[in-house]
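Using the hints, build the complex out of the two chains.
Heads up: the sequence lines are chains A and B, in that order.
Residues 1 to 389 in my numbering are what the first sequence lists, from first letter to last.
Residues 1001 to 1225 in my numbering are what the second sequence lists, from first letter to last.
Be aware that a few hints might be false.
Listed below are the simulated DSS-like cross-link pairs for lysine-lysine, each with C-alpha atoms no more than 25 Å apart in a straight line [to be verified]:
(1) K1074(B) x K376(A)
(2) K267(A) x K53(A)
(3) K267(A) x K231(A)
(4) K350(A) x K1102(B)
(5) K1102(B) x K1129(B)
(6) K1102(B) x K1074(B)
(7) K369(A) x K27(A)
(8) K1217(B) x K1089(B)
(9) K1089(B) x K1074(B)
(10) K1074(B) x K354(A)
(11) K181(A) x K112(A)
(12) K1201(B) x K1111(B)
(13) K1102(B) x K37(A)
(14) K354(A) x K369(A)
(15) K354(A) x K326(A)
(16) K27(A) x K1166(B)
(17) K350(A) x K112(A)
(18) K369(A) x K1166(B)
(19) K1147(B) x K354(A)
(20) K376(A) x K1217(B)
(21) K1074(B) x K53(A)
For the record, the hints were derived by calculation from the structure and aren't laboratory data.
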Amino acid sequence: MQEFFSTEHERCASLIHEAGEYLMIEKLGIENFRCFKSVLIQDLKRVNIIVGKNASGKTVLLESIKVGLDGLPGALPWLNQMRNIYTILPQNPTPEQFQSLFVEFFHRFESKEEIFISIEDSQHRTAELRIHFDPSEATTTQAPIGFQLPIGFQPPQPVPSAPPITVIPLAFERTDFQGKKDTVLATINPQGGLFLSPGKTMGIVSGLISSSYFGGPGENATWLSRLNIEKRSGEIIQAIRTHFPFISEITSETPLPGMGTLFADLKSLPRKIPLSLVSGGISRLFTMMLSIVQYEGGVVLIDEIENGIFHEQYPLIWKTLVDLAKHHDTQLFISTHSLECLRGLLPSIKDNEKEILLLRLDRENGSSKITPIGGKFIEAAIEQGFDVR
Amino acid sequence: MKYLLPKEPKDVPYPFLVVCEGMSDARFVCKLLEYNGIAAYNVGCPSSAGFGTGSGLEAIPKYLLAIQAITAGKETLHGILIMVDANDKPTQRFSMMQEALKDANFPAPVKPFMVEGDLFRVAIFLIPKEGENGTLDGLLLEAALNKTPEMRSCLDNFCDCTGEIKSWTQNQQSKMRLSALVAASCQNNPWASAAIMWSEKGCPVPIESEYFIHIAKFLMAFASS
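Chain B extracted, bound-state conformation (with noise of 0.2 Å):
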């Protein structure tokens, strides 16, 4: 497995990539491939370090522009699955990835969750899972919380005292919470986030949840498909 992030040379060494929106969801992507044993992959996403384009869901169909543009001619990348949030527009967000594949040039899936094509083959992997809105920041949040749950209510009442938090969007509240969580959780660095808690130690996400096993199913499922 490797980060395929921009400065990074410009070879894609292993024959899938994962397209995510932004650094914590590659981050957790590279730690659930690599607990799973799952080495075919590299994982990407969109960044504002390069030279005027900015980073997440909307930056996505410039990625897989560039992507298109390091690739081309050299038959190295036989697939690519988008992984981003369903958040609560599923049908959209899977719209907006399936154009943003035709315009670079890639096959695309006539539906999320699918498989489409055989030397080379994508997906659109709509998070948290088939049939639900949601985001990964939630789907982490309830991980960790299902080991700890006693922290719900804790949370809940930090929610309260703030005040004005609950009336922020559920996308917004699981990231202030999981936040909070990790803040919380990682003694030695209480900066960390969502993005680097992976290796800290105290990381109150447990890569091992059952809340994971279907995308690590997906995962493997494509790489062998």
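In isolation and in its complexed conformation, chain A is listed as follows (with noise of 0.2 Å):
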């Protein structure tokens, strides 16, 4: 889960009160990045359900999403950490050292292509983004080798350096949803480390539950603390009552000094304990509650809502996240394997036919394609029994 700082909340908070009405991803097109040679997907919904084989692209889309509006060149290496792939880079790392961290997010490593994600949003403003490898900002170093010695200390000889080094960086060209152009890279700094430029995002903030996330314990005691403070926890807490009904409360303590934890007030027990003993599948649908209010007006993205959730609970879990989207205006789209998470989804799906997009990958000729297919679509399938995966 990527942390946000409340200016930058505020910031795009700003731009949706601007904006005077609830914003939303309207029309999404990807080019070159990873498993898309090029996809447009237009009248994207408030919840968008995103279903496909394994290896169709389902979690790309999310990533795609994520890239998109963060627009930022950390978001590469921290997509990667969400797949266990951990950016390693040696101190003066050759040219193709450098490239190799990013020339899997190309399609079919066609790096000499730009990945281009468009985002428009529900008052046709388009926040774009290009990511190419630009030699124009080519960049040399040439850092020392070895370790710091201490402060006062004399070499008896001179510290040798690296050879020189060139790198040619990654550049993320960026016009925001304001019409803000600006260029942040990739590079390598005068030491001879990654260096990834920081910067805003597009203006839509974003949050992403990747597959095994079941909640980081500190990021979620500070949301709630904020909620608490706000007096805007009661809905999910709420929420988790009437899904677990074992559960009186759920709070934020702080055991030891700096760590903040979410805890579990159970019926049946004199003590509270960390929500993380009481359930994984608990612990992440409450972190997915928690997403959609902390990323209010923005989007948040879950991939494989199901793991860890028993399938009778999946009815009442759409339900609650629907109506929690709806009423802190907040976009979803949510990949599922599942066949009996999306037959949970009938019920919300009549109430809420026109603001549900399912979203079909199937992989043709090496690159994934993506069929949307409407509320009253689905609900007929799934009432009659058809598998719509």
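Set out below in structure tokens:
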């Protein structure tokens, strides 16, 4: 989960207030990003459900939205980390070593072509991101070799330097939702280490809950504390009580200095216990709920919603997430493999037919393609017992 | 030929789909396709075996929406032929099916028995045939009685004995007579209904009957047009 500081939230919130209405992504174009050669999805809805076989590109679709909304180099290694690929770059890397960090983000590793992600919001403002290796920004460094000597210690001889290296940075050419253009880079710093330019996001906040993410204790505790302070935590606590009546309260506690953790008060126990000890699935569900509130006015991306959750909970979980998304003007992109989970969506579709879209992904000739299917069609297919995945 | 019924895989393996009102009709169409060696069809009908929708004519609009949902973007399905009873309201039945096709984003024919479309073709066939009112059950009964004409008076007598049946609708009477005939013909399974009679020894309805030739010809023409 990516932490956004309150200032970033406030900046994005101000953009929403300027717009004077609920803004959501309506159109998404992706070119040359991982398994997508070129796709354009239109008429996206408040709740977008992503289905498809393994390796059809479900997670990549979520990643592309995350990259497109962040527009920052830091998003790429972060996404790799979500997939257990760690960005390890030796000091003073060769140009090839540097390039290899990013080449897998390009469709068929074709890094001579640019990655292009365009996102149009419901006010027809478009944010565009072009990612490419930019020779005009080539950076040459000559970093010293070896350990830093203690201050005051005279080396017996001059510290040797590595041979000069020149890398071609990865440029992120951005146009945000307000039309502001800039370029940020992934490159190397004078010490020969990886440097990822910081910056502002494109104007819509977003959070991604990966398939294996069951809630970061510190982050969730901070979020819940914030909501408590603003007296806004009631609805999600109540939702958890509805789903799991044996839980009477969830609180943010600090048992050790600086170690905020979510605790659950179970009716059957004399003291509270960490929420993650109650159930990984409940912890994950609570993270989803918190995210929808936390990223109010933004986008929450959830990969494999069904993970860790008992099948009987699906209908109520869909209802809770859809209701929360509507209440907080948060747009959802949710992937699932589970037919049972999709069937659990039925009551929520009946009430929100026009606010739900299914995106079915298929792999064709080495690239992924996306077929959008509207709410009334999904409803009919589920009712008739067909498999729409 | 393959049944396309709920809880089956999501694939639509054959290029054309016959949509029927219910299982009895679907099984008849399958038997007819099999007898005539026509292999290009999936055959399906709405079912209450799903998650909330009913079956029968009223559920066909939802069934078509479902077909659109599972075939969208796949280009495996190239045509839909709807076969429903004309009953005594052929115009109303046709309009209902026409609207259902449109609502599901399929092309729709402007009149019954007409094949519409090129890349994706559609047609609405009203049973028994062009210019006639009636039902599939009535057609099956007539085909059976054509083979065993002596049974007609027996069934009439049975109806007389039961008293109230003569006040039933024509469709209800056809169903009752067909059921009685099937039960009396299938010694191994007197519970056999029109839906399962085709696999029963002694099935009273001959699939080779001349009463079905026009349907088989339409199926063949639709698949090859």
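Results for each hint:
Distance hint between K1074(B) and K376(A) is fulfilled; the C-alpha atoms sit about 19 Å from each other, no more than 25 Å. As the CA atoms of K267(A) and K53(A) are separated by approximately 41 Å, the hinted pair breaks the 25 Å bound. With a CA separation close to 23 Å, the supplied pair K267(A) and K231(A) stays within the 25 Å bound. A distance of roughly 21 Å separates the Cα atoms of K350(A) and K1102(B); the hinted pair therefore holds under the 25 Å criterion.
Distance check on the hinted pair: K1102(B) and K1129(B) sit about 23 Å apart at the alpha-carbon level, within 25 Å; holds. Among the hinted pairs, K1102(B) with K1074(B) is consistent with the structure: their alpha-carbon atoms are about 19 Å apart, no more than 25 Å. Distance hint between K369(A) and K27(A) is fulfilled; the C-alpha atoms sit about 15 Å from each other, no more than 25 Å. Note on K1217(B) and K1089(B): the hinted pairing holds, with a Cα-Cα distance of about 24 Å set against a maximum of 25 Å.
Distance restraint check for K1089(B) and K1074(B): the Cα-Cα separation of roughly 36 Å exceeds the 25 Å cut-off, and the hinted pair is therefore not satisfied. For the given pair, K1074(B) sits about 23 Å from K354(A) by alpha-carbon distance, which is consistent with the 25 Å threshold. The straight-line distance between the Cα atoms of K181(A) and K112(A) is roughly 22 Å, inside the 25 Å bound, and the hint therefore holds. At most 25 Å may separate the alpha-carbon atoms for a hinted pair to count; K1201(B) and K1111(B) exceed this at roughly 39 Å.
For the proposed pair K1102(B) and K37(A), the alpha carbon gap of about 33 Å is over 25 Å, so the pair is violated. Our distance criterion of 25 Å between C-alpha atoms is met by K354(A) and K369(A), whose separation comes to about 23 Å. A threshold of 25 Å between alpha carbons decides the hint, and for K354(A) with K326(A) the separation of about 12 Å falls inside it, so the pair holds. For the hint linking K27(A) to K1166(B), the alpha-carbon distance of about 63 Å lies beyond 25 Å, and the restraint is violated.
Between K350(A) and K112(A) the CA atoms are separated by roughly 47 Å; this puts the pair beyond 25 Å, and the hint is violated. Proximity of K369(A) to K1166(B) is assessed by CA-CA distance (about 59 Å); at most 25 Å being required, the pair is judged violated. Taken as a hint, the K1147(B) and K354(A) pair is broken in the structure, with Cα atoms around 54 Å apart against an allowance of 25 Å. Taking the CA atoms of K376(A) and K1217(B), the gap is about 35 Å. The hint is violated against a cut of 25 Å.
Between K1074(B) and K53(A), the direct Cα distance comes to roughly 14 Å. Compliance with the 25 Å bound is thereby established for this hinted pair.
The structure fails to meet hints 2, 9, 12, 13, 16, 17, 18, 19, 20 from the earlier list, while all remaining hints are met.
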